[in-house]
Amino acid sequence: MMGMAAIPALAMLPRPSFGAGPATSAVNTTGLAVTDSEVTVGILHSVTGTMAISETGSVQAEKLAIEQINASGGVLGRKIKFIQEDGASDWPTFAEKAKKLLVNDKCAAVMGCWTSASRKAVLPVFEQYNGMLYYPTFYEGLEQSKNVIYTGQEATQQIIAGLDWVNKTKGAKTFYLLGSDYIWPRTSNKIARKHIEGHLQGAKVVGEEYFPLGHTQFNSVINKIKLTKPDVIYAIIVGGSNVAFYKQLKAAGIDMSKQTLLTISVTEDEIDGIGGENIAGAYACMKYFQSLDNANNKAFVADFKKMWGEKTVIGDVTQAAYLGPWLWKLTVEKAGSFDIDKVAAASPGIEFKGAPEGYVRIHENHHLWSKTRVGRAKADGQYELIYETADLVEPDPFPKGYQ
Amino acid sequence: MFGDYSIGDLGAIFAMQGFAGLILFSVYVLMALGLAIIFGQMGVINMAHGEFMILGAYVTWMTSNAFQHFLPALFPGYFFVAMALAFIASGSLGMLVEWAMISRLYKRPLDTLLATWGLSLILQQAYRSVFGAREVGVELPDWMMGSWQATDAIQIPINGMFVMCLTILITIVVAYVLFLSRWGKQVRAVVQNRVMAGAVGINTEKVDRYTFGLGCGIAGVAGSAFTMIGSTGPTAGQLYIVDTFLVVVFGGAASLIGTIASAFTISQAQSTMEFFMSGSMAKVLTLLAIVAILMLRPQGLFALKVRK
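One line per chain: the protein sequences are W and A, in this order.
So for the first sequence, our numbering puts the first residue at 1; every next one is plus one.
So for the second sequence, our numbering puts the first residue at 1001; every next one is plus one.
The following block holds chain W by itself, in its conformation from the complex (with noise of 0.2 Å):
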């Protein structure tokens, strides 16, 4: 709890007991679960089914931040209660289950989702019934809501930082693009190559391939990358996949000392599966690594640690799905008030000093302004951090001149 000293709302804590806050009448002017003691909020994410690989971390998170909340005494002088509801991996039953915890249960907010199937199937829901959704995934971008709150960066804010490092550092020039055959890998892909091509000098894309979700065979592919012999392979794979290209690429003697390859889709969480073994050397951009050296994430990955264990490792989606219950603690005391249109409307400028990942900042368009980082795996199942952003890159969920 040490890094949270830094936020200046928890100065007068801690308190003796909830219910010391305003009156709920003034607070909750539109039916919220909310009494005198107690605000209710939603979680949403898959437990059961093929998703529940990645969402899991995502729920700890959360529990694990609303568990800080409460014991730092609350959001406007209530407790936290929070309801779970299972997506199981499906995307209908997430637009169900997130119906039924804004018109049954009424909650404040909600903390969910994690592909972007199933924030597309959420999304109107909550705009129907005006709810608010923090989404923690990183993801493609080309979408802005009044009610979602994107706490994971967006596709360029992700990619772009990281062509520059490596084109600057390694001189690379060729690219492979590699990725699973859905929205987010070709976006990012898109994204890529237009950087590529458009802002890199020299540099070119040398091959661009997709392969069904849950492919488990690439030794074609290896083979071409052999053939082209690019400088760097860009790999966007995804799933029960990622595991098998790794362990392939290593057997087919690739050696990632000598052959760069950039990621942005596998996470502390994803070596876990993969084998810190057949991955180490490979490098990954994104905004979050466990092994950040700051006081905040150093009390953060100690926390979550001891409520959960000690062999649970967290990515970068698990410490942004962290950012969604502060940060919404944190609109809502500067609001004043519980209200959705109220929230929404002060989310912008709000800041959060006590981030794992450092300093964070709501943008106008609900994106977070982040540092991105690029990390190199190690056979521990670690990243070592290499670079980072000297400033916070702006998030831009519609890029000009990317689309």
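Quick caveat, the hints were computed from the structure, so don't treat them as lab data.
Note that this is a predicted model, so its numbers are computed, not measured.
Keep in mind that the hints are not guaranteed to be accurate.
[As the list claims (entries may be wrong)] FRET-style restraints, in silico, Cβ to Cβ:
no.: 1; chain 1: W; residue 1: Lys204; chain 2: A; residue 2: Asp1009; range: 18 to 28 Å
no.: 2; chain 1: A; residue 1: Ala1153; chain 2: W; residue 2: Ser257; range: 12 to 22 Å
no.: 3; chain 1: A; residue 1: Leu1285; chain 2: W; residue 2: Asp255; range: 26 to 36 Å
Where is the CB? At the ideal position from N, CA and C, for every residue including glycine.
Starting from the known structure of chain W, arrange chain A on it as the hints suggest.
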């Protein structure tokens, strides 16, 4: 695409690509064998095949952990123990399932589809509850990773060769058991005429149980071997199930030769096309070709000749 390369380079790539095709072939045969036995010999559509494979993968993971903790000196050889244990675990679970579920459905073969699908969901959730929702990383001995440098330019993945040898071995054993052993004769007799086989004194229930167990056990070995090339998670079995059914159905359900021939055709088509176009397009074209061939030959490549 090939303009800038020397003949030597191209030769090396084609050699490696040939091996890539053969490795894919072995993977297909290995995952389809267990299903082919169960589907072909018993007519049971085992939708939980992938989950039996993943049980083998989890057994391998546990064995790997156990060896690291208790017998680190023997770690390089743990994989063989793991495969044996995977066979036993998946095989026993298979026999249990046959006794508890499948044996009650022999008169309604189509219902086995639904029942085993339900079983697959139950098993997935069981893995998730027991081993956690996250994928586990199976650590392999060093000698199994990396590649064999055949020449300067040609590198063959060792785990690929391992899968190939394993596939050949298992295929030979299965062929021997089914076609030359006394037990194999009983199995085939039960397939051809259950009532008559019973009448001449074959214990059909026992034959069914062991056949199902054998199929599941082989799935377990396959799952164990696939920890080298793929992921181990509660739902990883789903990655294989479609391809597995494809191979078995395309080959002709009741034929071991058909399964092998179909695995060969599909893998070669897939890996060759993948080399010339993107992975997704290759898959689409492979599937289209299979659909077209199955429309012309609904019984698959090789069909058992039986009097109808």
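* To do: Mind listing which of the numbered hints don't hold for this structure, in increasing order?
  => No numbers; nothing is violated.
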